[in-house]
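Q: Reconstruct the complex from the two isolated chains, following the hints.
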Amino acid sequence: MRILIADDEPAILMSLDFLMRKEGHQVYVARDGEEAIQLIEKELPEVIILDIMMPKIDGYGVCQQAKALSPTYQPKIVFISAKIADSDIERGYQAGADLYVPKPFSNRDLLKKVNELNLQSNN
Amino acid sequence: MSTWLIFILSITYLGVLFFLAAWAEKQTSTKKSLINNPLIYALSLAIYCSAWTFYGSVGQVSTNGISFLTVYFGPTLVMILAWGFVRKMIRISKIHHITNIADFISTRFGKDNRLGQLITLISVIAGIPYIGLQLKAISQSFDLITLNNPSDYFYQEPSFLLFIAITLFILTLGPRKFNSSEKHQGMIFAIGIESIIKILAFLAVGIYITYSIHSGWDEIVQKANIAIPSIRFQGGYGNWFIQLVICGVSFLFLPRVFHVAVVEINEEENLKQASWIFPLYMVLINLFVIPLGFAGYIYLHPSGLNPDLYVLGLPLHFSSKTLAAFVYLGGFSAATGMVIIETIAISSMISNNLFMPLLLQRKTYVEKNQEKLGSIIHNLRRLFIVAIMVMAYAHYWINEDFVNLVSIGMTSFLIVAQFAPATIIGLYWKNATRAGALAGILIGFSICCALLLLPGLGISVNAFRIDGFNPITNAGYWSLSLNTFAFLSVSILTKQSAKEANQAYLFVDVFAYTQSLENTTLWRGKAKLKDLKNALAGFMGKIKAEANLKQFAALHQISLQETYADPRIVNNTEKMLAGFVGSTSARLIISAISKEEKIGVSEVVDLLQKSRDLQQSNYDLRKLDAQKNEFLTTVTHEIRSPITSIRSLSEIMVDHEDISPEERKKFLDTIIQEADRLSRLVNQVLDLEKLDAGKEKFRIEPVKMEAIIEKATQNFIAIAQQNQVSLTVDLSQKRTQRKVLGDFEKLVQVVINIVSNAIKNVEPGSGKIAIRLKENATHICLEIEDNGIGIDPKFHDQIFEKFKQVDNPNRKIESSGLGLSISKKIIEHLHGSIQVQSALGQGALFLIKLPIE
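Residue numbers (the numbering used here), protein chains in the order written: chain G, 18 to 140; chain R, 7 to 859.
With the rest of the complex left out, here is chain R (with noise of 0.2 Å):
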């Protein structure tokens, strides 16, 4: 196909996408639902299939089977099994104003600069090979299709020409000044466009090829039987497993993917649609692989094609032209998607991190230039990504003979899953230290480099070869074990700093801390107010810190007129400016505006401890609070019926005067009856007052449970037999003497209780009631069963609660409500328990233990 035709395509390609991006980043402000999207957010993951994916994916199938599968499963899994920890990592970083992964370990760990300066390295290590990686994509597909020979000379390339179109698209779209967050809407939405335009493009060739070419799996998988020699799987679990492991845990340190993952979310309820439509889309797009791999070795392998392009070789092969243009442009979209985004994280990371600190040293120029500050660091940040783009192609150009898609991509994640122990330990276990951290990095970082490199050297590192594992697992096994062991050890032999203390409790508990978190002061010096506001408005303009800081104080109703800031108000602007230069250098800002005391470990423990108790202890209040009003509406309501039947009832008699003699004491009857339970109701909630406030007196003594079933069960046996119903004491599986400890008369009222409710329960004529005792060797068990019609299991907890009936359809005699829920505090009082067993239809059998005397 034509150069020009190619080109044109691409540089349109980018043009619509930036439209894309731009008119979406204007809807943000009035159509919320286009941006704040769940779709839109899952799909932008798919920024993790990168060109590795698109081309790669197949390359590695017809050249070693399939073990490219890891690749996918590994955030697959996280995205499903490890959602907890994904929302947590977005909490906190919605908190702290987080705007890249160096900035997120570095504040986790006492916002220490100098581990927010390694991380910065070694992404950025791991970082730029991998964009070139992109670029050499870009480039190779670019040629493969326009049948150009490759120039010895990059400027004669026309893909350099793509290499400048893109980093222009970057630049504008890029870094933006005056805003505090690191967010790119519009960017993100054309990310979600273009990961839509990759999968539909790699679809469309593996079903041109499946079910076009060949009449599906079955033939191609017997041509490939045929000509490929022997199909090869390459490795045992050993190295599978390694590589799911480097892959799962790689995945959300991965600049790019951290970048959308969690600072470009909106809302953290989109992560939930995200767990289920991101392991979708990998399915998707890995669908096709195996048979696009077996036919590019069969067709393509002869002419000696580099099998990283059979994705694009074949459809060229088979001289569907405009199908090659689209697959182009896929994996266009999936290199251009990925560089956009990577360039963008890194070029923060350079700043935030790595230059920000440096320039915070030289107090003079920035107290010369503190307006001028923002425009700086935007320049800078530009500035950045020119270089980062010059010195991935410069990688590319320089590399591009030795080294496939895979080894590449695989190395990269390597490099970047040495984050993972700290990280993930980090955020669960609060006595991880900096030097932990810092130890357990740069210890895995430096096996990574040996077991990678020294053999390109001529050394030799067959000493630490493990059978049957390639070069990358060998050095995943050996980095990520010693990292994760340096880490732990490290850790426990070294002391937390305070801050390191502070920011410890912080993310470790941070769901706690959400709400406290605005009031917790854990800040002691003096910082005037000027000064924080002109930090604030050399970033932010002055208009929009002027209100920013108006707006906090009217929040929590705090004075402006003062000199000296108030605690919050530090705080709060050092978080605004953690948006702008991360929180290392905020942090670095802050106290060189300011005279600070230092806070002791146990003062800032103490603190938070005692913030986060208070909340609980307040929330329970609260709720106890509720409760009781509860109660007293639920007294009040059921006291009002008895009357409301009193009143009518009797004002019938007074104006009816020619009542029938049978209705008279039918009504009269029915006034006694109302007027017991209206007494009852009462003496129930006195009970329930008293044993609740622990002021009702037991009469504990040994007593004999006989007793007690006699007892109660003489009240019942004219009712019983009133209402046909069958009531049974068994004794004979209790063949001691022994007693238990507790009060005769509570212990009678407590089975009355129960037993009243059984015969209520079940049906006259066919219920049947029994009662048994047994006994082992430290309690005696009361069992006291019905036929009736049951508790569904999932009222099974309320029933013991003050006021909850369970609708019960053959309701006949009125209970209050109180009879179970004073049961089980008697039984409580007595060191015993109280359960039911029952199912909907099934009858019930209530539990009563209590421990032998």
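Pulled out of the complex, with its shape left as it was, chain G reads as follows (with noise of 0.2 Å):
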């Protein structure tokens, strides 16, 4: 699977990267939401897992564009995030995550959740 992880902070994309990658999927990697964009039109990555608070173009803005490049793309977004209120969970949903994963989490329940999200697509 392609993945496009986008985090601002470069030790969670280094750890992010790492295991992925240990996954056996095929990971870009973007430090801001321009980037991040600039990645997704050119690889089209079937998940794309987005922090929020980015230099640029934050993380709602990216799922934005993202979900609106073609008809035939449709993409998974998952937000990792610090914001953890009720009220952000939600809106993340509302700005179309199929997942929002609160800050800190544990690699193995990331991994998992991802897994299904790509089982539920291939289904």
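Bear in mind the hints are in silico, worked out from the structure with no lab data behind them. Any given hint could turn out to be false.
As the list claims (entries may be wrong) - Computed Cβ-Cβ distance ranges for the label pairs, DEER-style:
1. 133(G) x 669(R): 24 to 32 Å
2. 290(R) x 59(G): 50 to 58 Å
3. 22(R) x 104(G): 51 to 59 Å
4. 668(R) x 128(G): 21 to 29 Å
5. 105(G) x 700(R): 32 to 40 Å
6. 105(G) x 802(R): 24 to 32 Å
7. 848(R) x 128(G): 44 to 52 Å
8. 104(G) x 33(R): 34 to 42 Å
9. 669(R) x 70(G): 55 to 63 Å
10. 70(G) x 290(R): 35 to 43 Å
11. 633(R) x 104(G): 27 to 35 Å
Ideal Cβ positions, reconstructed from N, Cα and C, are used throughout, including at glycine.
A: Encoded structure:
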């Protein structure tokens, strides 16, 4: 599977990159919203993991633009965010997220949920 | 053209207008957008342009040159520049349920009845000839277009029938029963339509004469140069200036303009658009005044036609009958619009300010007829309207021969302008008193009368004549300056009553009180709930009164079971009554049905001050609370990031034993870095909290800035080299050994904070950071400059706030966003200042100034 990860925290990017590659996925990383959109347009990844508070364009914006890219392209969107209030989570789902994972998260948990997402889309 | 044709045209026009108004009135309940529309509001303001504008300005240009322009410049400037003043008037009127200008001024000065009476009388004196002028314009234009020979008896005049039709029109749509506001939304819609018709008619004749009969402006001006011996541009700057002042300041106090601009406005927002649409209207309607004036002089002067009728005479001269009829309608709409609103406004003034107070003095009559008061007033209003119309018509009929349109108009403006000093200054100066207002207006009005009327009686006023001024501007100069002088000096010499002081505060600080007004109780006394209810029922009907009271009580959680009413209910009842009978009469009614205690001036001022302070501190507390919440949210958010990395990376190392040694080292290093970041963050938050609470201990001693810089830069030598950033220190501009008073360790921390930000913001390889020390007689200045990405000036204030990080595309090292905030607190604690000078892409210069020991 092809996965894009966007987060402005280099350490988080580093660990998720490692994790997903170990799972056998093809991974693209972006440090901000703009970079993320460029990569999405070019690579059309199946899963997009997004931080919300990023420089230039925030996670909501990236999510919106990715969804509007083409009618045939329907990526799964996963938000990972330190914003954990109920209202934040609700807003994330309203913005079109398929999954909202609050920070800090457990790797195993995250992987499990992403894999489930993948299964859903295959069915 | 046939008399019948024009007569039927006029009546049809009134009929259409009537149905438009009735239709729009119906729509108000369903479609708000139709009436609550900035365009309609702005167009209704054009009621300022009466028949005087439509016919008179062209007459004026052919006799006096371009001095007519002041009449338009004045109000235009007011709408553009004095926007805030208009808004203040609107807000005040809305809060106090004010329905006319007499009410407005008397309410400002302690709801004083005498002041209201004086203003009403003056408005009537200024208004009736002005309405007569409109009737004259209708009649003369009617005679010209139908070639009717004026009869010796008014009842043989066809225009007399039109006058009756207009009166009926006003009676039907004007005063209304059981409605607490003086709003006539349907009527305003009709007035807006009239404004469109008059401007279209005027533009049509302008374009026809300028571009169809002539080849454009040039041809007319050339012909005029030959035909008119000398085109006079009368009056010097003095005349111009005084006329401008008269027209500008009287604009809002003309009863009809006050009515449309202040009473009928639905939303303050509409004023914004009106402040450009109205000036635009004024420009458009003046566009062809000059060519029309010239053309009128060229073709019609020889025939001896009254210049005030050139606008209509021109299309007739060129046998363009349809256009002439259209122009006639334009003039008719200009005149009727003015007459309709002016009579409604003046009749409301007479009834509320002159008549009601007299009626209310007869207590037994009032008590007997309490339930019928609403109907009585309703009928009286109608009677007043008829009386005003009759007086105006009589004035026109008797004085027909010896005045032109402009001089009556200007006199009327000048008289109304006498309200300006007290009102304008009274809205900004709390100490203005009722006595001052009375004195100013009386003196101003008397001077106007003396200077304008005495010459007519053969008494010379030459002693007061200023060279270069015409009679009007001369009278304007003396009356307005002495009016202002009297108002100010009497205000200074006299004392306010408690009621006056109360009103002064509520008017001058209206924007501060808007919210708290409902809850501010400045009334102490006893009034029976039953009496209040009955008083209200007399005007709005029993059912409505009951419902209104219940609604207010429910809103403010007041019990209606008591015998005596809560002061807030008394207040509210007074305001509701003010909508029907004006604030002074409402005051009289309330004091008649209640036992009131006197409240002293200082008590009133004190109470108002308190209610305002409370409101302010409440607001401050809420703001502080919100800031605290935001801070907490941000702190937890900032802490979550490093914890996430640490957790995730450690989990990887537990789960993947096959990890390469290089990767293991990289992950462990990151974990250590993130743990450091976490502890730094916690320390900084604690520091900031201590600084905020004033608990941080400072060890104040004389310190050398050189030593501080040395200690701080030590930490960066390695990092700078590693990133290939040049870090230079220049101490050459500080020549003495003087020290500052400060805490050594804390100042080192400040320098570290700023330099570490600079290192993050410059490009590796080409980055330059310069630290300089300078001094003057009182301060030592530390400058830290970098050539990094810079900071947009719009963020300069924000960067010193907690957690305000500006988007930085090259951010490589994480920062908490607390460093600058802490630095600022430290520097300010040491009585110094910290500033930034920067622009995007231009690097940044931080300036720290500390006082010398």
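Q: Look at each hint and say if it fits the structure.
A: Hints versus structure:
1. Checking the proposed 24 to 32 Å range against residue 133(G) and residue 669(R) shows it holds: the Cβ atoms sit about 28 Å from each other.
2. The hinted range of 50 to 58 Å is satisfied by residue 290(R) and residue 59(G), whose Cβ atoms lie roughly 56 Å apart.
3. Taking the beta carbon of each, residue 22(R) and residue 104(G) are about 56 Å apart, inside 51 to 59 Å as hinted.
4. A hinted range of 21 to 29 Å holds for the C-beta pair residue 668(R) and residue 128(G), which are about 24 Å apart.
5. In this structure the hint that residue 105(G) and residue 700(R) lie 32 to 40 Å apart at CB holds, the actual value being about 34 Å.
6. As the Cβ distance of residue 105(G) to residue 802(R) is approximately 30 Å, the hint placing it in 24 to 32 Å holds.
7. Residue 848(R) and residue 128(G) have their C-beta atoms about 46 Å apart, which keeps the hinted 44 to 52 Å range intact.
8. Distance hint check: the CB atoms of residue 104(G) and residue 33(R) are about 41 Å apart, consistent with the given range 34 to 42 Å.
9. Taking the beta carbon of each, residue 669(R) and residue 70(G) are about 28 Å apart, not inside 55 to 63 Å as hinted.
10. At roughly 52 Å, the beta-carbon separation of residue 70(G) and residue 290(R) lies outside the given 35 to 43 Å, and the hint is violated.
11. Taking the beta carbon of each, residue 633(R) and residue 104(G) are about 19 Å apart, not inside 27 to 35 Å as hinted.
Checked against the numbered hints given earlier, this structure breaks hints 9, 10 and 11; the rest are met.
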